[in-house]
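*Asks:* Sequence:
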Amino acid sequence: MRQSELFAKIKKEAPKDAESISHKYLARGDFIDQAASGIYSFLPLGWRVHKKIENIIRQEMLSVGGQEIFLPVLTPKKFWLETGRWQTIDPPLFKFKDRHGSELALGPTHEEIITDLVRRRVKSYRDLPLYLFQIQDKFRNEMRATGGLLRVREFIMKDLYSFHQSPKDAKEFYEKVKKAYLRIFKRCGLNPVAVEADPGTIGGEMSHEFMVLSETGEDKVLVCKKCGFAGNIEKFQDIKICPKCQSNLEKFSAIESAHAFYLGTKYSSPMVANFIDKKGGQNPVIMGCYGIGLGRLMATIIEANHDQRGIVWPIEVAPFALHLIPVGGSAKVTAATDKIYDSLKKAAMDVLYDDRVEKTPGEKFAEADLIGIPTRLVVSEKTLEKNSVEIKKRNEQKTRLVRLAKLSNQLLSLAKQ
RNA sequence: CGGGCUGUAGUAUAACGGUAGUACGAGACGUUUGGGACGUUUUAGUCCCGGUUCGAAUCCGGGCAGCCCGACCA
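Under my numbering, think of the first position of the first sequence as 96, with each following residue one higher.
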């Protein structure tokens, strides 16, 4: 993509309201645009990142046997009445009436909808287990939005729901999803701790939050550096000693970027989602649910991967793999860079070409550092004298020259890292 | 939802109750080109409604919006 055509106005200053690093960099880089408090548009750079995160999550969900579906955003009141959450869910539902006077809510989560879907299809133990997930816009009538994408009123979430015959089977799958979640986080350049947490209004008997340690976080977690124990401070109060190994605990701020719930029969019982077991008995299905907020994850990645100049995207979620930057406006440099760009495109490389003639090198470099593409290629008179291109990784200081003839091989090996 | 703060060009900031100004940005032309250039020039603003006043960005009342703390969450 030619940067002169990219729909993005990269800014030198962040809006004064922005406080968190991720909010500042996302706003300055024009990844997102705020429409109202807690409501954001994703612009081309931001949406590219979002889609890469989405694809990682989809791959990992498919890898644990999930089948992708798409549930409605408009959710009828009747299902919420079955569990009582029409009134009790917090933050409250966005509710409204259709033209016939029927009440609806914009879906903030989908336990009721999917339990209804499944109870009309799952009849026998032969239909279990079953793993269904979706990636969809969620709406939450939050009291307060904060930190740019960290806490918003409309966001895209991956929600996976699992259905089992037995608690044992459900818990085994729960552990499997936890591992898949850790793979997702790792691919996103994050190293979270899974902490035992309070299930809250989603409910259930057990839950784990995936916490990324960060000063921006709204949560506090206790971590034992010796045995690896981690707990949410709300659940464990302010204990000082590790309950597992008696070492001293340390307290950290953290961002809750995903949450897994062992639901048991919390939804299947009131909604009568039963199956017939091998002996012919009727039993409520055992459920689990597992959510990741994609926008929050995107912000969290920045909180954990940045420097003073801007974002340092992990390769798998970067908006582009390569940033090709000509320096100097000479016809020779332009022609050479055009040629390199064409060959990179032919090789199906994911490249952003900063072809803007009116920008000085300083501005191009500053903006490149801000938007954080992992590998920068610079072409100038200086490099062309040596028939070379300069390569610099965003997370390193050093630059090196690579001969034009060897460029594509070099880039292929970089892409594999 | 409780408490607090703030609303002036796209952004950041000035203006005693008396001509709305400056910088950056954006546009045009020219000169520049290895770390956020330079000259000339153009552009654009007092959140909304009401009140006080000869006169309101400024004082008062009410809305609306945004932000922060709390609570809650992915």
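Derived by calculation from the structure, the hints in this document are not laboratory data.
Here the structure is a predicted model, which means the values were calculated and not measured.
Just so you know, even glycine gets a beta-carbon here, dropped at the ideal spot from N, CA and C.
There may be inaccurate statements among the hints.
Derived Cβ-Cβ restraints for the label pairs, each shown as a range [as the list claims (entries may be wrong)]:
(1) ALA430 to LEU507: 45 to 55 Å
(2) LEU169 to ASP333: 38 to 48 Å
(3) PRO262 to LYS218: 16 to 26 Å
(4) PRO262 to LYS335: 25 to 35 Å
(5) LYS107 to SER261: 57 to 67 Å
(6) GLU300 to LYS107: 47 to 57 Å
Derived SDA-like pairs (lysine to any residue); straight-line CA-CA distance at most 25 Å [said to hold, decoys possible]:
(7) LYS146 to LYS172
(8) LYS172 to SER158
(9) LYS441 to HIS401
(10) LYS427 to VAL407
(11) LYS477 to ALA416
(12) LYS321 to ILE334
(13) LYS330 to MET366
*Asks:* None of the hints should be skipped; say for each whether it holds.
*Replies:* We went through each hint and held it up to the structure:
no.	hint	verdict
1	ALA430 to LEU507: 45 to 55 Å	violated (24 Å)
2	LEU169 to ASP333: 38 to 48 Å	holds (43 Å)
3	PRO262 to LYS218: 16 to 26 Å	holds (20 Å)
4	PRO262 to LYS335: 25 to 35 Å	holds (33 Å)
5	LYS107 to SER261: 57 to 67 Å	holds (59 Å)
6	GLU300 to LYS107: 47 to 57 Å	holds (51 Å)
7	LYS146 to LYS172	violated (32 Å)
8	LYS172 to SER158	violated (34 Å)
9	LYS441 to HIS401	violated (31 Å)
10	LYS427 to VAL407	violated (31 Å)
11	LYS477 to ALA416	holds (24 Å)
12	LYS321 to ILE334	holds (16 Å)
13	LYS330 to MET366	violated (29 Å)
Violation of the numbered hints given earlier is confined to hints 1, 7, 8, 9, 10, 13; the remaining hints are satisfied by the structure.
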